[in-house]
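A.B. asks: Starting from the known structure of chain A, arrange chain B on it as the hints suggest.
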Amino acid sequence: MFSHIFITRLKCLLRDRQLVFWTLLFPILLGVFFNMAFSNLNKEETFQAFPIAVVQSDAYQKDTAFRTVLESVSKGSGRIFDLTVAENRQAADKLLAENKIKGYITVGDEIGMTVKNSGLYENILKAFLDSYRHTASSVSTIIKTDPAAVGRGLLNDLGAQKDFTREVPISSAKPDNILNYFYALLAMTCMYGGFWGLKEITDIQANLSPRAARVNVAPVHKLKAFLSGFCAALLIQSAEILVLLAFLMFGLHIDFGTKTVYVVLTALAGGLAGLSLGAFISALIRGGEGIKVAVLLAVSMTGSFLSGMMYGDIKYIIQQHVPILSYLNPVNLLTDAFYSLYYYDTFGRYALNMGLLGVSTFIFCAGTYFIIRRQKYASL
Amino acid sequence: MPVFKLCMKIIRKHLPSMMIYVVIFLGIAILITTASTRSSSAGEFTQTKTNIAFFSGENTPLVQGLKKELSKTCNFVELPDETEKLQDALFFRSVSYIIRIPKGFTESFLNGGSATIGKTIVPDSVSARYTDLAVSQYLNIARLYVKNLNGISQEKLVNDVENDFSTDTPVELQASAQTASQNDFAVYYFNYLAYTLSAVLILGIAAIMLVFNNLDLKRRNYCSPLSAGSMNVQFILANFVFAMACWIIMVGACFVLNPDALSRPNTLWMVLNSLVLTLCLSGMSYLIGSLMKSRNAISAVCNVVTLGPCFISGVFVPQEFLNGTVLKIASFTPTYWYVKANNQIADLTSFSYGVLSPTLFCMMVELGFAAAFLAIALAVGKNRKRES
Numbered sequence: 001m002f003s004h005i006f007i008t009r010l011k012c013l014l015r016d017r018q019l020v021f022w023t024l025l026f027p028i029l030l031g032v033f034f035n036m037a038f039s040n041l042n043k044e045e046t047f048q049a050f051p052i053a054v055v056q057s058d059a060y061q062k063d064t065a066f067r068t069v070l071e072s073v074s075k076g077s078g079r080i081f082d083l084t085v086a087e088n089r090q091a092a093d094k095l096l097a098e099n100k101i102k103g104y105i106t107v108g109d110e111i112g113m114t115v116k117n118s119g120l121y122e123n124i125l126k127a128f129l130d131s132y133r134h135t136a137s138s139v140s141t142i143i144k145t146d147p148a149a150v151g152r153g154l155l156n157d158l159g160a161q162k163d164f165t166r167e168v169p170i171s172s173a174k175p176d177n178i179l180n181y182f183y184a185l186l187a188m189t190c191m192y193g194g195f196w197g198l199k200e201i202t203d204i205q206a207n208l209s210p211r212a213a214r215v216n217v218a219p220v221h222k223l224k225a226f227l228s229g230f231c232a233a234l235l236i237q238s239a240e241i242l243v244l245l246a247f248l249m250f251g252l253h254i255d256f257g258t259k260t261v262y263v264v265l266t267a268l269a270g271g272l273a274g275l276s277l278g279a280f281i282s283a284l285i286r287g288g289e290g291i292k293v294a295v296l297l298a299v300s301m302t303g304s305f306l307s308g309m310m311y312g313d314i315k316y317i318i319q320q321h322v323p324i325l326s327y328l329n330p331v332n333l334l335t336d337a338f339y340s341l342y343y344y345d346t347f348g349r350y351a352l353n354m355g356l357l358g359v360s361t362f363i364f365c366a367g368t369y370f371i372i373r374r375q376k377y378a379s380l
Numbered sequence: 001m002p003v004f005k006l007c008m009k010i011i012r013k014h015l016p017s018m019m020i021y022v023v024i025f026l027g028i029a030i031l032i033t034t035a036s037t038r039s040s041s042a043g044e045f046t047q048t049k050t051n052i053a054f055f056s057g058e059n060t061p062l063v064q065g066l067k068k069e070l071s072k073t074c075n076f077v078e079l080p081d082e083t084e085k086l087q088d089a090l091f092f093r094s095v096s097y098i099i100r101i102p103k104g105f106t107e108s109f110l111n112g113g114s115a116t117i118g119k120t121i122v123p124d125s126v127s128a129r130y131t132d133l134a135v136s137q138y139l140n141i142a143r144l145y146v147k148n149l150n151g152i153s154q155e156k157l158v159n160d161v162e163n164d165f166s167t168d169t170p171v172e173l174q175a176s177a178q179t180a181s182q183n184d185f186a187v188y189y190f191n192y193l194a195y196t197l198s199a200v201l202i203l204g205i206a207a208i209m210l211v212f213n214n215l216d217l218k219r220r221n222y223c224s225p226l227s228a229g230s231m232n233v234q235f236i237l238a239n240f241v242f243a244m245a246c247w248i249i250m251v252g253a254c255f256v257l258n259p260d261a262l263s264r265p266n267t268l269w270m271v272l273n274s275l276v277l278t279l280c281l282s283g284m285s286y287l288i289g290s291l292m293k294s295r296n297a298i299s300a301v302c303n304v305v306t307l308g309p310c311f312i313s314g315v316f317v318p319q320e321f322l323n324g325t326v327l328k329i330a331s332f333t334p335t336y337w338y339v340k341a342n343n344q345i346a347d348l349t350s351f352s353y354g355v356l357s358p359t360l361f362c363m364m365v366e367l368g369f370a371a372a373f374l375a376i377a378l379a380v381g382k383n384r385k386r387e388s
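Chains A and B supply the protein sequences, listed in that same order.
If you read the first sequence in our numbering, its first letter stands for residue 1, the second for the next number, and so on.
If you read the second sequence in our numbering, its first letter stands for residue 1, the second for the next number, and so on.
Mixed in with the good hints there might be a few duds.
[Unchecked claim] Quick list of the computed label-pair ranges, beta carbon to beta carbon:
(1) B:Ser-352 with A:Val-73: 37 to 45 angstroms
(2) A:Ser-172 with B:Leu-268: 36 to 44 angstroms
(3) B:Thr-34 with A:Arg-374: 48 to 56 angstroms
(4) B:Asn-383 with A:Val-322: 52 to 60 angstroms
(5) A:Ala-246 with B:Asn-111: 56 to 64 angstroms
(6) B:Lys-385 with A:Glu-44: 45 to 53 angstroms
(7) A:Ala-246 with B:Thr-34: 41 to 49 angstroms
Bear in mind the hints are in silico, worked out from the structure with no lab data behind them.
In this text the structure is predicted, and so the values were computed from the model without any measurement.
Glycine residues also receive a C-beta, built at the ideal position from the N, C-alpha and C atoms.
Pulled out of the complex, with its shape left as it was, chain A reads as follows:
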């Protein structure tokens, strides 16, 4: 009997092309859009040597010290600037107006700069000029205090800039904040699996659909019928999640870290959580299918928003200011589980997330069971 209902339900669910679209194709499409839109965001954050100009003048030609420093930071692979020499100020202004350079340097009585905006790159240019200015000031202070310092090699020390910092990586994985969008997308898809759960309830509660009314007349224990259907939905849901996961991993090359087995298990657990959430909402809320779908959508979309699917920083803001909300939100639990697997070297937070997800899945399942059990209808 189980296999009979199971296969029938499988066919029944798969024929609902609209649901297949929302639970599989839509997330894949969103993944493609995310990938297209975000692929360059990290490059934007990466430092690249940027174009500046210096205005040609007698003062610039005479100031060999400055010229040498400027030229030294404008060549080689570790350079900061791509330097051009502009004939005069008008030419430099034109370059700036056309966005060909970030700013230009003028050498006169003192060294100045002209820019269009106050961005990070413009500030780096200023930091460079400031550092030249500050060094010059320190040299004159030193000479004033002890003129003999020049003889001891003060000027040589000037050239020998030393790096006093050493990089201490905090994790074996790169802090690539674009990834969170894809983790949240996968988590959202798990919750969208709730549509299957919702349909299962609609098709087993006799007051909700004619099909359910027919199923209820059959001499099969309701729990058995429901469990068979639920398993069919779980199979479809799991298959869809795995397809999406494979697409993200191999199609879009999203980095899920090295603990792949855990990632797959987490995704499957997420699928079950989503399914049971949908069933629970559907059982809990009395009313038409439209209202149930709306509630499920509202829950999963608000959850996705709060876990950073539309605006990445939200997840962190919630975690900082309303941590309880981040533990109540199943989408965030899943997103955070993927994030922990990718980024942390320890399993503490992952275990916490999965534990809470397990508890909520249990609550959803138990809740559904107690609502739908023993419902009999005298008349429909």
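C.D. replies: Chain B in isolation, oriented as in the chain A frame:
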């Protein structure tokens, strides 16, 4: 006007699903308004400050001096010294640089030793490079003193370095830069408008079309004493009124949120651009409506058709952050040209024909799309009529 009235009735019935988009849109617009009021420093160069976390195992005058100088280029974010918290902060860019000064650093530094400061950064990022410059600048100048003035006391060293750092490079801001930042809000608003407008127009117009394309209803309508011409005129009028109402409500909200935008010619050009887009999107919605057969499919198509172009054309992520191939694909959607025109308008300081012509070209392309959508829709309609 029975047909017109019916159309309005259908729209009213679908109002809730459309309102969701409008409410979210207005919510985001209000958020942007409140967020953009604080950056009102147009016309002056501002020192950008990056967020960093600063941990020190010792509290010597040198460390204090470094921290003081860093405060000019950095905001110090208080974070608990726990690995996961620091990892989170770095991942979500709450800080872009974590400095950790080991105990005994000052002593080693003053004696020419090799102790180093630990830094944890977002690898290769611009902001890390910026903070790097500030840290290395301070320490290198301090080292210059230590090496060349034998026996300099730590207090005098810090004092002298602070003195050196007291003057700044003079910065001039190019004149034309000033209006651009004033238009920030308007650009965000009007770019994002493309998303809401397309969602609302497709939902509304497709809903009307679906009813009228129902074969039974169509047959019934043909035997009514109303002439086909009058029916069509009313039908087109209803769609037009609906589109215009959407446009007026959303553009109007811009001026309610930001009244001084009204006084800038840039904003008025954006309003014109959004009107052109409204026409184009109405055409697209008409085409989608004439292709759709079921109500359920509308929301699926609506989501794909609105989200897709918005992602790749620079509505959600600005065009300058998108890569070339994506933008080339995007140029096959009207949204791309709309956003491009908006971005151009925002940078304008004069409005002669010569400066405006690239923007006008974008608008012409949008109109071209509108014509193409309508032509296809009419062809589809004619085909279907023959079939029925």
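A.B. asks: Now tell me if each hint is right for this structure.
C.D. replies: Each hint, compared with the structure:
Between B:Ser-352 and A:Val-73 the beta carbon distance is about 41 angstroms. The supplied range of 37 to 45 angstroms therefore holds. Distance hint check: the CB atoms of A:Ser-172 and B:Leu-268 are about 54 angstroms apart, inconsistent with the given range 36 to 44 angstroms. Separated by about 53 angstroms at the C-beta atoms, B:Thr-34 and A:Arg-374 satisfy the suggested range of 48 to 56 angstroms. For the hinted restraint 52 to 60 angstroms between B:Asn-383 and A:Val-322, the CB-CB distance of approximately 56 angstroms keeps it satisfied.
Judged by the Cβ atoms, the range 56 to 64 angstroms given for A:Ala-246 and B:Asn-111 holds: they are separated by roughly 58 angstroms. Checked against the hint of 45 to 53 angstroms, the C-beta distance between B:Lys-385 and A:Glu-44 comes to roughly 51 angstroms, which is consistent with it. The beta-carbon spacing between A:Ala-246 and B:Thr-34, approximately 42 angstroms, falls within the hinted interval of 41 to 49 angstroms.
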